[in-house]
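Based on the hints, put chains B and C in the right spot on chain A.
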Amino acid sequence: MTHFTLPRRRFLQGAAAFGGLALAGPLRAQAAVNFQLSWLPSVQFGGSYIALDKGYWSEEGLEVALQSGGPNAPVEPPVVSGTALMGISAADYTAAAVEQGAPFKIIAVAMQKNPFSIASLPANPVNEPKDLEGKSIGMATSNMPVLQALCEINGVDIDKIEVVPTQYDAAPLVSGQVDCLLCWKTDLPVAMTVAGVENTVMLLADFGYAVHSQTYIATEDAIKNDRATLLSLLKGEVRGWQDYEKDTDAAAALTVEMFPDSGLDLETQKIQAAAQVGLMYSDLTESKGFGWFTEETVAANIETLGLLGRTVSEELWDRSLLEEVHGNAL
Amino acid sequence: MPSDLPKPPDVVCNGLRKVFGHGAQQVEALASTDVTFASGTTTALVGPSGCGKSTLLRMVAGLETPTEGSVLIAGESPRMTSKKGTLSVAFQDPSLLPWRTVRSNVALARKLAGQPADKTAVDDLIARVGLAGFEDKRPAALSGGMRQRAAIARCLATRPNLLLLDEPFGAVDELTRRRLNLELPRLWEKPGATTLLVTHSVSEAVLLSDRILVLSARPATIVADIDVALERPRTARMIDSAAFRQVEHEVSEILFDNKGAGRRFAAE
Amino acid sequence: MTLSLRAPLMTVAPRATMAVLSLIGVLVGWEILARALASTYLLAGPVDVTRYLIDNSGLMLRALSVTLYEAMWGFVWGNLAGIALAAVVVLVPRFENLVQSLALVVFCLPLVATGPILRVLYGPGLGPQVTLAALAVYYTTFVPTVVGLRATPSTWLDLVASFGHGRWKELTVVRATAALPYLVVGLQIAAPAAFLGAMVGEFTGAERGMGVLAIQAMRSLDVQATWALATVASLVSILAYLVVGGIGKYLWPDRPSIIMASPAQNDGAGRGAKWLKTCGLGFMTLGAVLVLWWGLFELFDVNSFFAKRPMDVWSYLVTSPKALEHRLVLWEAMGETMAFAVPGYLAGLLLGAVLAGVFVLMPNLAGLVLPVSIALRSIPIVTTAPLIVLCLGRGAAGTITIVAVMIFFPTLIACLQGLRQAPGQILDVFNSFATSPLRTLFLARMPAMLPAFFASARMAVPAAILAVTVAEWLSTGTGIGNLMALTTSTSDYNMLYSSIAAVTGLSALAYAAVGALERVVLTIYAPEQVR
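Protein chains in written order, with the UniProt record's numbering: chain A, 1 to 330; chain B, 1 to 268; chain C, 1 to 531.
Chain A extracted, bound-state conformation (with noise of 0.2 Å):
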């Protein structure tokens, strides 16, 4: 088992900084959590990373051990069978396994904007959807519902769009095999960048494409039964999301320490992590709080949603316990 430890040094100084609050101090048992992430380490959860450095869970008696995810890592079965009692999932993904029987609810939103993208070259750049008619696209074919969803919304004649099977990987565009890219604003943009590449990025969300990103899931049994431990774990993702914010840098270096040996780059973990703040945080959070969404935001889901063949309703959404953190919090 390869669980995170704690710097211990670390972790006394916040039990002591925090004593007070505590009831029963450091001696307090902890009770273990697992926190499923989707992706391989990086700070795309730089804030769990945070909160756990932080000792932001300890303090509500939490002994968090996040998991790492993968391209062939599922998120969705070890939350359904309780083996993590939160995952981090998009909205598209939650709707397909509630489709299939899983009794999940959104109970957080963290990207607001969704980090899909059309990344392009600046001699053949791609500004906005109407761009793309006559040019070729490298993505992976299982996203086809998510260009179809970008072209009805814009009304774009897809069938003037040439699409190309590609890995996810930006050599393709780099090397000019394709015109353009589906990919996330937050990684293989972010890869060019670093490697001198100058390129041009087009937000699927400041078109209309309306798909909450990185939401956090719970199955409807945990928010019932274990109430008080999701809101703990609620409690001290937002507070590391709320030191994120004010420090990208510092999550970025935090992330490379942490782990040493998943070959991340500080500089592109500082762009990404800087990439990251305008669709996580909005006038919105900033205003209720992280992680916030409203029967607007859930209704332009469910529409999109609806573009890409997931029939939802607002069910699937749960602000209840973000509200009760919110409330406690501020």
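Treat each hint with caution, since some may be false.
[Said to hold, decoys possible] Pairs of lysine to any residue, SDA-like flavour, derived with a Cα cap of 20 Å:
1. B/K111 - C/S436
2. A/K160 - A/V194
3. C/K322 - A/G101
If you're looking for bench data, these hints aren't it; they were derived computationally from the structure. Bear in mind that the values here come from a model prediction, so they are computed numbers and not experimental data.
Just chains B and C now, with coordinates in the frame of chain A:
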């Protein structure tokens, strides 16, 4: 067999020597040897196992290149003779192609020798080695003795006038061997071919040959050259004759007893 | 140092020289190509790779040690399982056919799909990595070990029996000794396979290891890192292959050559009865698989959200109102996959056989290329697939090439061994007629090579499926490989299990079909191998 074939060749070995390997691992298989095998005679090479008798035969067949010296078959090199298809080799292992039928195995020799296909001759030959009715069987369906018969048929299919037999009956049981010894030589004795026979069996050597060369252990040298003055064709009854026993005894004496050769054999 | 190859015609010194020469050739060609393609972010040359490795030696060593650790345990467990299964087959001949078929079915399970399932079952940790490594090796150990256990001279067995000992003693004392050289051959193939399994395992949510770095590097356009990882993974795999082979050669100098011989059906039944028996075995295997599948899931009480049972798949594909639609999706994906897998498979086999023929005619060329080929055969597919697609594009060419490459090297090596092995003194017979090498090749060597060729063709079936699904999953995003990955992320587990069942069933059937063809060929071309 037609008698319009050219005269069987003389085989002349001049200072023939063979060394295997390099440097420290060098092994001399055959010490420098001069010997001539006269046209139309059958010569048996006997000697302890692992001595160079097969090496000598293989050099005559052109399968090994001599380290020193030369082999001349009717004045030509072994390779030239091979190309003409007038030379045939039979081995201890019948070496039939398992995926071909008996007929096709026998016919293969003619094909390789560049001779026209002749189904009648092939079937006739198969019948004469005693395999009539087995033409369309594959080797796997035959007994060891039958396979060896097929191999002999293949060996003779090109009507060679130089036969090189490397223990062709070495792997069959004693009874079968006796029968093959008596039956098969008739097939090549009549047309007349120069024949070299490598064998372990003294009685086989006496039964089949006109002349027996006894070789010593490695490096092989010829330690005795014995004439076998028995009339042809040889028969089963001859084996019990005094003359036969006499030659057999003479060869065995040299092979297993006294003097230099004996000591060297003992060291084997 | 010498390479542990079988090249009886060449002495040690020229062979080593040849190996070094060909290595230098490859390096120079690689560097030139890399420089020519410098602006494309596709290829990093040996100079850049070396520089990267020096700069990041600590990171690489840590990742390598993690992956090696996983691979080692997978190697141990997988081989133990393979040996134990082989022992069962020999001890209880009654179960032989069933055990053989079950072992094959498990071997045919697609790594792409078993990975996430194992991750869910194990939770965090090294479980999936070790298990995938074990799954990647046990079959290639099992097959030669069974052959080896059977290859015991009957006189040895009589000797044991004459002392009044039973099967167990026979197995542990006599058969085990006779099987050791065969086992070594299996272990040698297993060594690089274990490394591959561990790397794929790391794609299922590991925190460290070569697999993790590989993904990270590809995503961050870090060409140097990508190629450095591929280089290290390849070198380690090659080294593992050579070391295991070297140890084996040291302990048992004379190694058996045909090792993947098809299991013989040793009963004297007529043709009709044989067919019936084969069908019976097929149904028995299917039944056993279904019972095991259902039983294990029930036993461990795995959540049915993602752990679908046979009944779920049946209703998904057959009885549900949307069954037709589901079957169509599956059918289409399988079709896409087969359109790449079949040509790649055939091309790889053909190329391997033809090139083996060329090498026999030009032994010097073989000395130059063979060491490289043996090395390349060990390179993990997860590193090559993306690189080949990167270089050849995502169309048919790239994927077919990946499959062909996976098949090509083992076939070449098996065929070369087969070509060298014309039985008895047949080559001497040909030689005594001064037959040209080309003619000898066609009339004697090629037919004699067929058993090795077919053994290789049979083992290549699961390899081709592995290659094509990995390529589809990591690189092209098409076909059944992609469908399996996609259904994992969209929680469409019914489709995932249907895909697994389809892929596994298809490769097991194809394997059996090639095996049947092989037996027909063997009865003609190598009857001594079919008892």
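Would you check the hint for B/K111 and C/S436, treating anything up to 20 Å between C-alpha atoms as holding?
holds (12 Å)
Given the hint that A/K160 pairs with A/V194, does the C-alpha gap stay at or below 20 Å?
violated (32 Å)
Taken at face value, is the distance from the CA of A/G101 to the CA of C/K322 at most 20 Å?
Between C/K322 and A/G101 the Cα gap is close to 17 Å, so the pair holds against 20 Å.
Violated hint for the displayed structure: number 2, the only one.
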